[in-house]
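Peer 1: As you go down the protein sequences, you meet chains A and B in turn.
Residues 1 to 310 (our numbering) are what the first sequence spells out, left to right.
Residues 1 to 242 (our numbering) are what the second sequence spells out, left to right.
Heads up, some of the hints might be wrong.
The list that follows gives simulated cross-link-like pairs (lysine to aspartate or glutamate, EDC-like), each with its CA atoms no further than 16 Å apart [to be verified]:
| id | chain 1 | residue 1 | chain 2 | residue 2 |
| --- | --- | --- | --- | --- |
| 1 | A | Lys167 | B | Glu100 |
| 2 | B | Lys80 | B | Glu159 |
| 3 | A | Lys179 | B | Glu68 |
| 4 | A | Lys263 | A | Asp30 |
| 5 | B | Lys80 | A | Asp183 |
| 6 | B | Lys80 | B | Glu68 |
| 7 | A | Lys179 | A | Asp291 |
The hints are simulated quantities; they were obtained by calculation from the structure and are not laboratory data.
These figures come from a predicted structure and were not determined experimentally.
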Amino acid sequence: MKWIRAVLWAAAAILPLIAPLFLDRGMLNDLWQLALAVILASAWNLLGGFAGQVSLGYSAFLGIGAYTTLLLSLKGVEPFLTLPLGAVLAAAFSIIIGLPAFRLRGPFFTIATIGVAEAVRVCASSVSFTGGSSGLRMPTGSFNFNLNYFSMVILAIAVVATAAYVKSSPFGHGLAAIKQDIDAAEGVGVNSNRFKLAAHALSAAMVALAGGLYAINFQYIAPTSVFDFRLSLSIVLMPILGGLGTVIGPILGALIFSTLQIKLLSIPLLRDSFLFIYGGLLIIVMLYEPDGIVGVWRRLAPVRRIFNAS
Amino acid sequence: MPPEAILSARAISKRFGGLLALASVDFDVMRGDIFGIIGPNGAGKTTLFSCIAGALSPTSGEIFFRGERMNGLPNHTVVKRGMVRTHQIVRPFRQMTVAENISVAAHFGAGRRRGADADRSVRDILERTALAPDASALAGALTIGQLKRLEIARAMATEPQVICLDEVMGGLNPAEIVGAMALIRSIRDSGITVLMIEHHVHAVAGLSNRIMVLNFGQKIAEGPPQQVMNDPAVITAYLGAD
Chain A
1 MKWIRAVLWA AAAILPLIAP LFLDRGMLND LWQLALAVIL ASAWNLLGGF AGQVSLGYSA
61 FLGIGAYTTL LLSLKGVEPF LTLPLGAVLA AAFSIIIGLP AFRLRGPFFT IATIGVAEAV
121 RVCASSVSFT GGSSGLRMPT GSFNFNLNYF SMVILAIAVV ATAAYVKSSP FGHGLAAIKQ
181 DIDAAEGVGV NSNRFKLAAH ALSAAMVALA GGLYAINFQY IAPTSVFDFR LSLSIVLMPI
241 LGGLGTVIGP ILGALIFSTL QIKLLSIPLL RDSFLFIYGG LLIIVMLYEP DGIVGVWRRL
301 APVRRIFNAS
Chain B
1 MPPEAILSAR AISKRFGGLL ALASVDFDVM RGDIFGIIGP NGAGKTTLFS CIAGALSPTS
61 GEIFFRGERM NGLPNHTVVK RGMVRTHQIV RPFRQMTVAE NISVAAHFGA GRRRGADADR
121 SVRDILERTA LAPDASALAG ALTIGQLKRL EIARAMATEP QVICLDEVMG GLNPAEIVGA
181 MALIRSIRDS GITVLMIEHH VHAVAGLSNR IMVLNFGQKI AEGPPQQVMN DPAVITAYLG
241 AD
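Pulled out of the complex, with its shape left as it was, chain A reads as follows:
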């Protein structure tokens, strides 16, 4: 069974890389969006899923990445070279938020992150260098969709690989200990504060990289697009839907989420219904299978055994 799993993972990584050979631009655009969703969901899962610290403030990191890239590109810097700076700024910001916020536990931490993200959005809308509420446009002549596509896909693969590595590493086990019983984790020597800060910074940097790529491909950003609270909400929804704290869960969640998003946006009548649908999905998952799709799959283990035997 192990090799089947390895083959499937390899296929999942290779398929989007060779997709431009046989898919049209519209489909590739959808795949680009899926890759973005996978990055956001998997990166969030490092802190929210592995360490159990549910943050509703991740739009801040996407926004920091997007604005860093856009503002520096307007100054004439090659857009792709701005990505590392965005990542560093987002990681630094995550630590500044984390130092006070990680003193809070459970829902209090979550509420604090909402506050921070909203404060960032309001600030970004009211200062002039972000273009205010009307946003900013990338300088012309810097657009190459193929490059944008491959960058996003490769980043997605790298983020998922990092998540898989973290999960099986001592660092990942420390995060799991924090999630399951933070006092007991401290009691065996885990510096919970430092672990949470590290996971936060790592995921913030990944999300900021995606934010930079988002700005490069979208060519236009505004506080209402990249600092939107609904974005933070969707980032949380995907891993919960797929399976919190697993490697594949955020990918499955992203797959469902992007498909829904793309389908819904194409039907004018349902355009604005997506929050309603996500809210409903969230309630169903929380009530019936808190481990998401991965949990359903595990429940079906006895059924699979019957099929394998026959």
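Place chain B on chain A using the hints.
Peer 2: Relative to chain A, chain B alone:
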């Protein structure tokens, strides 16, 4: 403080609002001791452990571990310096296997083991605590006897110099108590100093070379088991005055 003391408390007090849970308690634990702490319910025993291990900060007084002042240090720092406690109400990582529970402690405790070195340490402790057959069972699925052993195993895996055991025999059957006593002796024989809170007076008297008795947050007796058990103040605390 005597030079051979590994752990010393000087006038430790802990106040919770109007309740004085610990009132100026002094004691010294020597390297290689099994130091028993007994007392009626609510005497302040667990509060004392929390103050020593760093989960609580004493209201006043000082704690010295290997000559260093430990007051107010966070729990994880105390563990990394070589002192660990178990919890009376067990706190396993329920969604991890028994081996993973121990492995986390081996990685981040005072030993800071990595890779194959950590695996070896985990295997060794699984054997010593008789948990090897359950190594890949989820901690959430264990019996209370196994959970108590896992609690000790995880503390051992941090490679402490002092281990504080909080009622590790509570809820065990007589056969399991015999096993637990043997395990505690083997821990001491491997060079670890043991502090233990215990309600099984016979077990604690049989194991300890010194016993301290707390009542209403105050130390009412300390000394070798025989002497303490015959102390009129201790008998009164346990049985009430006539």
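Peer 1: The structure should be examined with respect to each hint, and the outcome stated for every one.
Peer 2: Hints and how they fare:
Restraint check for A/Lys167 and B/Glu100: satisfied, since their Cα atoms lie roughly 13 Å apart, inside the 16 Å limit. Annotation: proposed proximity of B/Lys80 to B/Glu159 holds, straight-line Cα distance about 9 Å (limit 16 Å). Note on A/Lys179 and B/Glu68: the hinted pairing is violated, with a Cα-Cα distance of about 32 Å set against a maximum of 16 Å. The straight-line distance between the Cα atoms of A/Lys263 and A/Asp30 is roughly 10 Å, inside the 16 Å bound, and the hint therefore holds.
The hinted pair formed by B/Lys80 and A/Asp183 meets the criterion: a straight-line CA distance of about 15 Å does not exceed 16 Å. Between B/Lys80 and B/Glu68, the direct Cα distance comes to roughly 13 Å. Compliance with the 16 Å bound is thereby established for this hinted pair. Our distance criterion of 16 Å between C-alpha atoms is met by A/Lys179 and A/Asp291, whose separation comes to about 14 Å.
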